[in-house]
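Top line first, the protein sequences correspond to chains E and G. In terms of the numbering used here, the first sequence has 344 at position 344, counting the first letter as 1, and numbering is strictly consecutive. In terms of the numbering used here, the second sequence has 439 at position 439, counting the first letter as 1, and numbering is strictly consecutive.
Don't read these hints as lab results, they were simulated from the structure. Backbone N, C-alpha and C define an ideal beta-carbon position, used for all residues, glycine too. Treat the hints with care, since some could be wrong.
[As the list claims (entries may be wrong)] Quick list of simulated restraints, FRET-style, between CB atoms:
#, chain 1, residue 1, chain 2, residue 2, range
1, G, Q292, E, M285, 32 to 42 Å
2, E, V371, G, E144, 20 to 30 Å
3, E, M285, G, K193, 20 to 30 Å
4, G, I106, E, T93, 34 to 44 Å
5, G, D166, E, M285, 14 to 24 Å
6, G, D166, E, S20, 46 to 56 Å
7, E, E89, G, L153, 36 to 46 Å
8, E, F239, G, Y285, 50 to 60 Å
9, G, H142, E, P131, 25 to 35 Å
10, E, R290, G, K193, 22 to 32 Å
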Amino acid sequence: MRCDCYIPSGCSISGIISESGKRLDGNAIIRSIALMHDRANGLGGGFAAYGVYPRHADQYALHMMFDNIEAKERCEERFKDAFDIVLDEEMPTRPGGVYEEETSGRSAEYGTGSQPITDPPILWRYFMDVPEDKTGFVSEREYVVEKVMQINSGVEGTFVASSGKNMGAFKGVGYPEDIGVFYKLDEYKAYTWTAHGRFPTNTPGWWGGAHPFCLLDWSIVHNGEISSYGINKRYLEPFGYKLELRTDTEVVAYLFDLLVRRHKMPIELATKTLAAPFWKDIDRMPDREREVATAIRQVYGGALLNGPFSIILGHSRGMVGFNDRIKLRPMTCARKDDMLYISSEESAIWEIAPDLDKVWSPKAGTPVAGVLDEEVE
Amino acid sequence: MTSELPPEFIVKVDHDRCRRCKRCVMSCSFGGMQFTDKVVPEHRNCVACQRCATFCPESAIAITRNELAYKENANWSPETRQNILKQAETGGMLLAGMGNPREYQIIWDHLVIDACQVTNPSIDPLREPMELRTYLGRKPEHLEFSVDANGELELATELAPQVKLDVPIIFAAMSYGAVSLNTHRSLAMAAQKSGSLMNTGEGGLHTDLYPYSENIIVQVASGRFGVHSEYLNTCAMVEIKIGQGAKPGIGGHLPGEKVGEEISKTRMIPVGTDALSPAPHHDIYSIEDLSQLIYAIKEATDYTKPVSVKISAVHNVAAIASGIVRAGADIVTIDGFRGGTGATPMVIRDHVGIPIELALAAVDQRLRDEGIRNNASLICAGGLRSSGDVAKAIALGADATIIGTAALVAIGCRICQKCYTGNCAWGIATQKPELVRRLDPQVGAMRLSNLLTAWSLELKEVLGSLGVNSIESLRGSRERLRGVGLDEQTLKLLGIKPAGIGQ
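Let the hints inform the model, and build the full structure from the sequences given.
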């Protein structure tokens with residue numbers, strides 16, 4: 001089932017955050033991404049949601065995809081060795097559910113029959129603790145990363161869709177609005193939502209290949225193509241990351257994990273490492289800023305993302321949108337009170353927020369961050 | 001004993017066109033042209049350096065191979081028989097100049113580069129910034145930052161010294177002695193003009209070139225010629241030369257007749273004495289000895305200069321390079337078997353060492369596997385001929401590339417491979433004042449600088465077609481290369497896929 005070939009793709013992205021921590025259901029983000037229906041082609045859609053599991057906020061929530069029951073059993077053997085499983089259950093889904101509005105659900109787009117979502121893998125979620133005696137000399141989060149890497153690369157027919165706390169990825173093959181209905185996102189409440197509609201340029205039919213890509217709390221939705229993928233991959237490998245998914249987007253998730261979690265870089269600086277300023281601009285910066293920017297380019301050349309992209313990074317404390325260095329993909333932002341909206345198209349923001357304080361298109365390489373208030377748990 | 005060697009070349013003079021100006025007679029530094037009542041070529045002395053033909057105002061001279069000097073034979077090439085005859089007559093080793101000329105596979109010519117179509121846009125370098133800037137030197141694995149009293153971010157990591165290049169192409173080590181002072185001048189001036197580096201080679205640095213110190217690599221080789229404290233501090237970087245691609249495991253010999261007043265001063269040896277570079281450094285018999293020299297140089301330069309170690313590409317190059325990085329080198333320079341020289345035994349030049357493409361790929365991958373790739377920059381040398389070769393070398397993993405032969409061709413060299421005779425008619429590989437004078441350093445510098453400018457423009461076009469706007473997005477990005485007509489094992493060693501396979 002897993003696709004062995006690399007799949008370049010075009011896309012739409014959208015993100016919403018309530019910085020004061022209000023939890024919104026999934027209807028708004030579905031409507032926003034549905035408006036950009038034509039930027040996807042029905043071969044992948046997905047959502048990341050933060051704050052969805054308040055009752056299990058202390059456990060790692062692993063959203064899993066299994067090709068078959070044997071894969072599930074093999075994986076559970078691993079889980080039992082590595083974790084304390086607090087709860088495991090089938091992901092609630094609405095098979096046959098269709099997004100009601102006119103943007104989608106047209107049976108013609110799905111071939112014969114009117115079922116928009118077909119052949120889902122076994123979707124199961126696990127809430128798990130990390131036993132203290134298991135982690136050895138590495139941190140708890142490092143331990144979880146290791147296990148995720150081992151399962152994705154070593155357990156056949158198994159894929160970890162997300163592995164953070166109090167968050168989850170909901171993704172699959174189909175138009176994103178139908179995926180949203182399929183996963184019953186109207187029943188979840190989150191303070192941060194990101195979404196992705198995919199236009200891959202060949203037929204993968206693999207659920208794991210949809211966005212967002214997640215590792216721990218990181219989630220990435222990405223419109224574009226990372227032309228520097230080859231060196232980004234080789235840069236990450238010596239740090240222990242296994243790039244098995246054959247898509248450029250996973251390097252973005254792993255780069256954030258490396259820079260922010262392991263190298264302790266502030267998130268905004270990490271975005272300026274991945275979409276670094278040009279030398280001509282660095283040379284004109286004030287001394288101290290120039291020193292930082294120069295050192296980053298000298299040391300993190302392998303982490304520079306090149307090629308057309310707009311990306312929304314979701315994490316436990318907020319979300320960040322940023323573009324490539326010369327803005328070869330669209331990205332528009334808007335604010336209303338405590339809300340920040342980021343989207344491929346401005347219309348997708350107006351669609352869900354008709355009254356906005358400010359709408360703007362950030363300059364190339366300039367990150368736009370929404371940050372949860374400190375008191376939000 | 002009279003030589004039985006037939007002439008290698010036949011010089012044809014069109015006497016109808018010849019106006020008997022004798023320019024060719026003066027041009028030829030090998031005694032290949034006489035004048036009686038007309039120009040009479042001495043075919044036997046011709047080396048096909050083309051000086052006479054280039055400067056003949058009537059284009060009346062044509063040099064051709066002496067076709068049937070030896071009867072055709074697939075196994076016994078004319079060169080093979082000529083070499084046997086030479087050795088039978090003299091009982092000596094065959095000397096040779098420049099790089100390995102034999103027909104080994106040139107792997108560069110079996111590599112092709114990717115380009116963007118539809119899903120990712122290519123970038124027009126005439127409209128968008130396109131960055132080639134490169135820094136050479138040891139990099140930390142990660143950076144640390146601190147926040148000052150005003151809440152501003154500060155760099156907390158102190159970086160090792162870095163050398164800035166505006167173009168990832170630098171000039172090869174060629175010693176004053178092997179080449180003329182005017183060659184050194186041309187290289188230094190061009191390096192300064194183009195934001196690149198020239199390398200002194202092992203013969204020291206003439207005081208005239210001290211003003212160019214920021215664009216100079218000073219070399220410390222086994223002979224230690226011209227090495228003193230001021231020398232080590234008059235540079236952008238210091239290089240310890242262990243090996244050279246054209247002659248791995250072989251030392252050097254500058255004959256006393258070339259050691260005149262200026263070379264004597266620069267090399268710190270008496271006038272007229274042979275300058276002998278031992279095959280090994282006699283204080284380096286192991287990796288730990290090398291480490292001592294690296295740190296001795298760092299002490300002598302107060303840790304302000306990166307130290308490079310240059311080795312030739314041999315079978316075990318990956319492990320050797322790894323050891324060099326662990327021994328404290330900030331830069332590793334690898335010289336492949338096509339790399340040039342002023343003089344070497346032909347048997348070594350033509351049969352020892354491995355192709356740079358494979359050596360570079362092996363070293364870059366080994367350093368990554370060991371997690372120490374950031375500890376040193378990697379420079380690739382050895383017969384690079386074009387910006388295409390440079391782009392491929394960078395994609396395989398080189399931080400920067402070196403051109404030696406290509407640079408000399410730019411200032412006149414016709415690759416006649418007679419550097420070791422000291423008779424270079426183009427004023428490059430000679431110390432004879434009347435020949436050295438033929439190379440005007442201003443003109444030489446302009447031609448070299450033009451070459452770097454032209455290759456830079458071409459590199460930018462390659463980057464743009466790849467849809468990236470910075471050289472670091474090409475560096476080590478082997479995914480953007482494909483092999484054509486390479487066997488599976490070679491592809492594996494290069495870490496690339498065959499053409500026809502997508503990502």
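These are the hints, each one checked on the structure:
no.	hint	in the structure
1	Q292(G) - M285(E): 32 to 42 Å	holds (40 Å)
2	V371(E) - E144(G): 20 to 30 Å	holds (23 Å)
3	M285(E) - K193(G): 20 to 30 Å	holds (26 Å)
4	I106(G) - T93(E): 34 to 44 Å	violated (58 Å)
5	D166(G) - M285(E): 14 to 24 Å	holds (19 Å)
6	D166(G) - S20(E): 46 to 56 Å	holds (50 Å)
7	E89(E) - L153(G): 36 to 46 Å	holds (44 Å)
8	F239(E) - Y285(G): 50 to 60 Å	violated (36 Å)
9	H142(G) - P131(E): 25 to 35 Å	holds (30 Å)
10	R290(E) - K193(G): 22 to 32 Å	holds (25 Å)
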